[in-house]
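Engineer: Those protein sequences? They're chains A and B, same order as listed. For the first sequence, the numbering used here begins at 1 and goes up steadily by one. For the second sequence, the numbering used here begins at 1 and goes up steadily by one.
Because the hints were derived from the structure by calculation, they are not lab data. For each residue, glycine too, the CB sits at the ideal point set by N, CA and C. One or more of the hints may lead you astray.
Unchecked claim - Cβ-Cβ distance ranges computed for the label pairs, FRET-style: (1) A:L157 <-> B:P68: 48 to 58 Å; (2) B:F7 <-> A:A25: 32 to 42 Å; (3) A:Q58 <-> B:E121: 18 to 28 Å.
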Amino acid sequence: MLANHMTSAEINRYLEHELDQNRCAEMDTHLTACPACRARVERAARLDRALRALPRTQPPSELAARIGATIEARVKQEQARRARVPVIAVATFFSILLALWFCFELNLAFQMSGVSDFWAMFISYSDVLSTDSLDALLAVLEALPLSEIVLTSCALLTVGVLAQQLIESLRPRALQFK
Amino acid sequence: MASSDEFLLAQYKQGNLQTFRELVARYTAPIYNLAYRFLRDPMEAENVTQETFLRVVMALERVRLDIPFKPYIFRIAVNLCHDLARKKRPVPFSDLGMPDHDAIESLADDAPALWERLENEELAARVNAALDDLPAPYQTVLMLRYVEDLSYAEIAQTLNLPLNTVRTHLRRAKQQLRAKLAQSSDA
């Protein structure tokens with residue numbers, strides 16, 4: 001028994017009361033008879049006590065209150081952000097409808113002004129563009145439905161801005177670290 | 001009797017904001033102390049403490065806690081500290097290899113070293129200094145066990161390690177600590 005000295009792992013488990021009752025009783029018996037192991041256990045226990053006595057650094061007295069206030073402000077900010085989500089979602093939805101409507105109108109305007117026909121002809125017969133047809137090209141440019149083009153562009157831009165806002169609102173906020 | 005952390009969290013989730021303040025009051029000092037030990041900078045320790053609570057609050061609705069609150073909040077704090085410490089000291093985690101492990105064990109366990117004859121106050125100061133020289137994972141387990149008083153199971157949950165690995169880390173951490181103490185006493 002005496003030759004069977006305790007290992008460091010056993011000493012740790014003994015000091016941490018992690019051994020079962022039987023093993024603990026065996027250790028106690030061994031320690032009564034073995035001064036070498038007793039000394040090792042005492043040294044290990046002293047190191048444990050020194051570790052438990054390590055100085056604690058106290059935070060500034062107002063830190064907890066400051067953190068509490070920051071968190072409440074952040075939670076309110078978060079709640080406000082979430083409250084905006086449905087409004088932005090509805091606005092995005094209607095802006096998409098509006099943009100589709102303007103696209104449809106723009107298409108109609110292209111057809112009525114003959115620009116679509118000219119474009120189709122140009123695609124099919126690319127050699128149609130001659131010196132004579134330059135006047136036709138200028139006429140087509142003049143016939144472009146500018147107001148529809150501007151309105152459709154604005155509508156598409158609105159969709160883009162609102163969709164971006166919506167994605168920002170839905171994405172969890174990145175915190176300071178990582 | 002003080003309410004449990006989990007009870008306070010449940011109350012907070014039901015809309016009682018005051019209960020989170022109680023959790024903040026309960027954990028500010030331990031988290032700050034842990035962060036200060038790692039970072040040695042009061043401002044960064046304050047930042048980490050605040051950031052830890054913010055992360056807890058922001059994650060509460062998305063995350064279902066599968067571990068108790070105490071290991072959970074320490075896990076966040078430890079990760080933040082390690083991230084920041086890694087930025088300041090680039091390779092703290094690589095020291096985990098222990099090629100001279102047996103040598104340290106025999107050095108620590110045979111005859112009483114000089115440091116073991118020191119007075120308690122002197123020993124405490126030496127331990128405090130020697131702890132700073134340990135690799136970050138060993139500092140972490142020692143801090144969590146002996147300063148923050150987490151159980152082995154809680155340390156395992158905090159560090160996401162098997163229980164036996166925690167035991168091994170703690171044992172090796174103390175062996176390294178003894179070796180550092182012996183070196184500083186012999187010097």
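Engineer: Confirm or reject each hint.
Structural biologist: Evaluated hints:
{"no.": "1", "hint": "A:L157 <-> B:P68: 48 to 58 Å", "verdict": "holds (51 Å)"}
{"no.": "2", "hint": "B:F7 <-> A:A25: 32 to 42 Å", "verdict": "holds (39 Å)"}
{"no.": "3", "hint": "A:Q58 <-> B:E121: 18 to 28 Å", "verdict": "holds (20 Å)"}
In summary, this structure violates none of the numbered hints.
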